[in-house]
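Using the sequences and the accompanying hints, generate a full structural model.
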Amino acid sequence: MPAPKPSTFTGRYSVFAIAREAMRLHTGWKRAWASPEPRKKYQIVIVGAGGHGLATAYYLGRNFGITDIAVIEKGWLGGGNTGRNTTIIRSNYLQDPSAAIYNKALQLYENLSQDLNYNIMFSPRGLLMLAQTEHEVRGYKRTAYANQLQGVATEWISPKRIKDMLPIINIEGPRYPVLGGLYQERGGTARHDAVAWGYARACSAMGMHIIQNCEVTGIETANGQVAAVNTARGRIECDKLALVVAGHSSVLAEMAGFRLPIESLALQALVSEPIKPCCDLVIMANTVHGYLSQSDKGEMVIGGGTDGFNNYTQRGSWHHVEETVRALVETFPMLSRLKMLRQWGGIVDMTGDRSPILSATPVGNIFVNCGWGTGGFKAIPGSGWAMAELIAKGQPGPLAAEFGLNRFAEGRFIDESVAAGVAH
Amino acid sequence: MLTLTCPCCGVAAEETELHAGGEAHLKRFGPGSSDAEFEGYLFARKNPRGVHFERWRHAYGCGKWFLAARCTATLQVFATYSAQTPYPPAEVVAAIRAARPDWQPDWTETPTTPAESPNA
Chain Z
71 MPAPKPSTFT GRYSVFAIAR EAMRLHTGWK RAWASPEPRK KYQIVIVGAG
121 GHGLATAYYL GRNFGITDIA VIEKGWLGGG NTGRNTTIIR SNYLQDPSAA
171 IYNKALQLYE NLSQDLNYNI MFSPRGLLML AQTEHEVRGY KRTAYANQLQ
221 GVATEWISPK RIKDMLPIIN IEGPRYPVLG GLYQERGGTA RHDAVAWGYA
271 RACSAMGMHI IQNCEVTGIE TANGQVAAVN TARGRIECDK LALVVAGHSS
321 VLAEMAGFRL PIESLALQAL VSEPIKPCCD LVIMANTVHG YLSQSDKGEM
371 VIGGGTDGFN NYTQRGSWHH VEETVRALVE TFPMLSRLKM LRQWGGIVDM
421 TGDRSPILSA TPVGNIFVNC GWGTGGFKAI PGSGWAMAEL IAKGQPGPLA
471 AEFGLNRFAE GRFIDESVAA GVAH
Chain C
2 MLTLTCPCCG VAAEETELHA GGEAHLKRFG PGSSDAEFEG YLFARKNPRG
52 VHFERWRHAY GCGKWFLAAR CTATLQVFAT YSAQTPYPPA EVVAAIRAAR
102 PDWQPDWTET PTTPAESPNA
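The listed protein sequences derive, respectively, from chains Z and C. With this note's numbering applied, the first sequence closes on residue 494, and no number is skipped along the way. With this note's numbering applied, the second sequence closes on residue 121, and no number is skipped along the way.
The set of hints was computed from the structure by calculation and includes no laboratory data. Some clues are possibly wrong.
[Stated by the list, open to error] Derived coverage of chain C by chain Z (criterion: at least 3 residues anywhere in the stretch with Cβ under 8 Å from a Cβ of chain Z; other residues may be distant):
1) 37 to 48
2) 61 to 75
3) 80 to 86
We treat Cβ as the ideally placed atom computed from N, Cα and C, and that holds for glycine.
So this is what it looks like as structure tokens:
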């Protein structure tokens with residue numbers, strides 16, 4: 071097989087590009103992003119080419135005109151949690167800082183395909199969080215009221231309306247009766263790989279370097295400031311360094327000489343054989359840790375709960391899958407006939423208050439974006455937007471201000487674990 | 002399934018019988034400590050990719066807390082041992098060294114009486 075040609079950006083994707091390529095038997099498509107050799111120095115190095123890292127780079131270029139950026143990645147682009155999540159997008163959070171950043175992300179998702187000129191297949195099909203205990207009924211009603219004050223469009227809906235919207239559901243119980251739900255009409259899903267690929271293509275087109283298979287092995291500091299990162303492909307100097315590595319945040323922080331309030335846990339998901347369309351909503355059942363949606367291919371995509379112990383293996387414990395499926399089968403009896411095709415795990419970075427960290431660190435000019443835990447995908451554009459502002463200005467803007475590391479010392483938690491009533 | 006042998010009752014317990022309790026050997030900082038020490042005690046965690054010392058409770062067994070040395074990158078269990086120890090004992094260190102020759106302890110052992118032990 072011949073070596074791939076040096077990639078070049080070839081302009082906009084459009085119906086005319088498809089027609090042009092159809093005329094020449096699709097021989098003219100170029101690679102979507104370049105794979106250059108790393109330079110000796112960049113203004114900004116971002117570690118982690120997942121959704122959050124790439125979005126951070128993209129908004130640094132788009133909003134602040136900074137393009138002297140390298141995004142370096144241990145494995146392949148979008149191969150971590152960006153490629154392992156259940157693609158759910160929503161912004162129905164209780165706390166104001168969470169609602170602000172997740173709703174910013176949702177708004178950016180709505181126009182992201184146009185913005186990136188890359189179809190991320192955003193599907194605002196509606197998102198429903200089932201209340202299956204009295205505790206959840208009270209919690210979700212409270213969230214619905216909070217969302218009204220925040221300007222996030224959600225509503226509390228009755229079991230009858232849920233049954234009308236979703237005929238496959240069993241609302242009777244007995245073990246997990248459906249008592250109502252928190253409905254966000256503008257929530258939905260997107261193609262997770264396409265989000266990473268679209269950002270990567272746009273970053274590459276702005277002249278940024280995306281360097282894959284380039285593991286960071288050490289972080290050099292001088293006078294309390296970052297100086298360089300040592301990587302599998304040599305030493306790279308930088309003025310500013312952003313660590314956007316989700317489950318491996320503690321490992322990178324240790325290289326830089328500080329600790330984070332984070333523990334890494336395995337979170338699992340699984341997907342069924344494809345079937346005819348039967349579920350045009352995203353369903354979340356937090357009591358039983360089950361998330362369910364139907365992909366465009368017809369597969370039922372199911373997310374489960376996290377294990378309780380620290381783990382970097384990207385494999386979760388089998389009994390969590392069993393518990394999730396057992397509970398979902400009662401609420402969706404037709405699932406019991408389905409064969410499951412694949413099951414996988416990702417390593418999520420959990421903070422004590424289940425809210426993210428976008429922050430400066432004890433080392434000068436090192437910034438962290440981590441702690442998204444089990445809910446990172448939905449936040450990607452908002453996270454990148456806020457992180458870019460933090461890095462460019464050295465000070466957090468309004469979206470990131472509440473998510474600093476100092477909130478732990480000061481006791482200003484953004485406690486979404488209490489809000490959800492589950493350890494999500 | 003992860004299986005840990007409870008050093009209190011000797012049962013080889015599956016993880017569904019156990020409750021994970023997070024990082025072990027945390028040194029407690031209370032009244033009189035600095036803000037940084039107190040914050041570190043409450044929130045900062047090593048969360049290593051590799052050898053990890055952690056607390057477990059034999060929740061659906063004898064109910065006792067114990068400690069385990071385990072690799073978070075492979076899920077290999079090196080040893081389980083008593084929670085009444087301020088640092089991993091020598092035989093636990095030896096068991097880790099046997100499997101991970103490059104691994105270095107990151108604590109300096111200072112003599113403590115049992116009453117000063119953080120987990121006593």
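Hint check results:
Under a criterion of three residues with beta carbons nearer than 8 Å to beta carbons of chain Z, the stated coverage of the segment 37 to 48 of chain C is upheld, 9 such residues being counted. Look at the segment 61 to 75 of chain C against chain Z: 4 of its residues bring a Cβ nearer than 8 Å to a Cβ of that chain, three or more, so the hint holds. Restraint check on the segment 80 to 86 of chain C versus chain Z: 0 residues with Cβ-Cβ distances below 8 Å, three needed, restraint violated.
Checked against the numbered hints given earlier, the structure breaks only hint 3 and satisfies all the rest.
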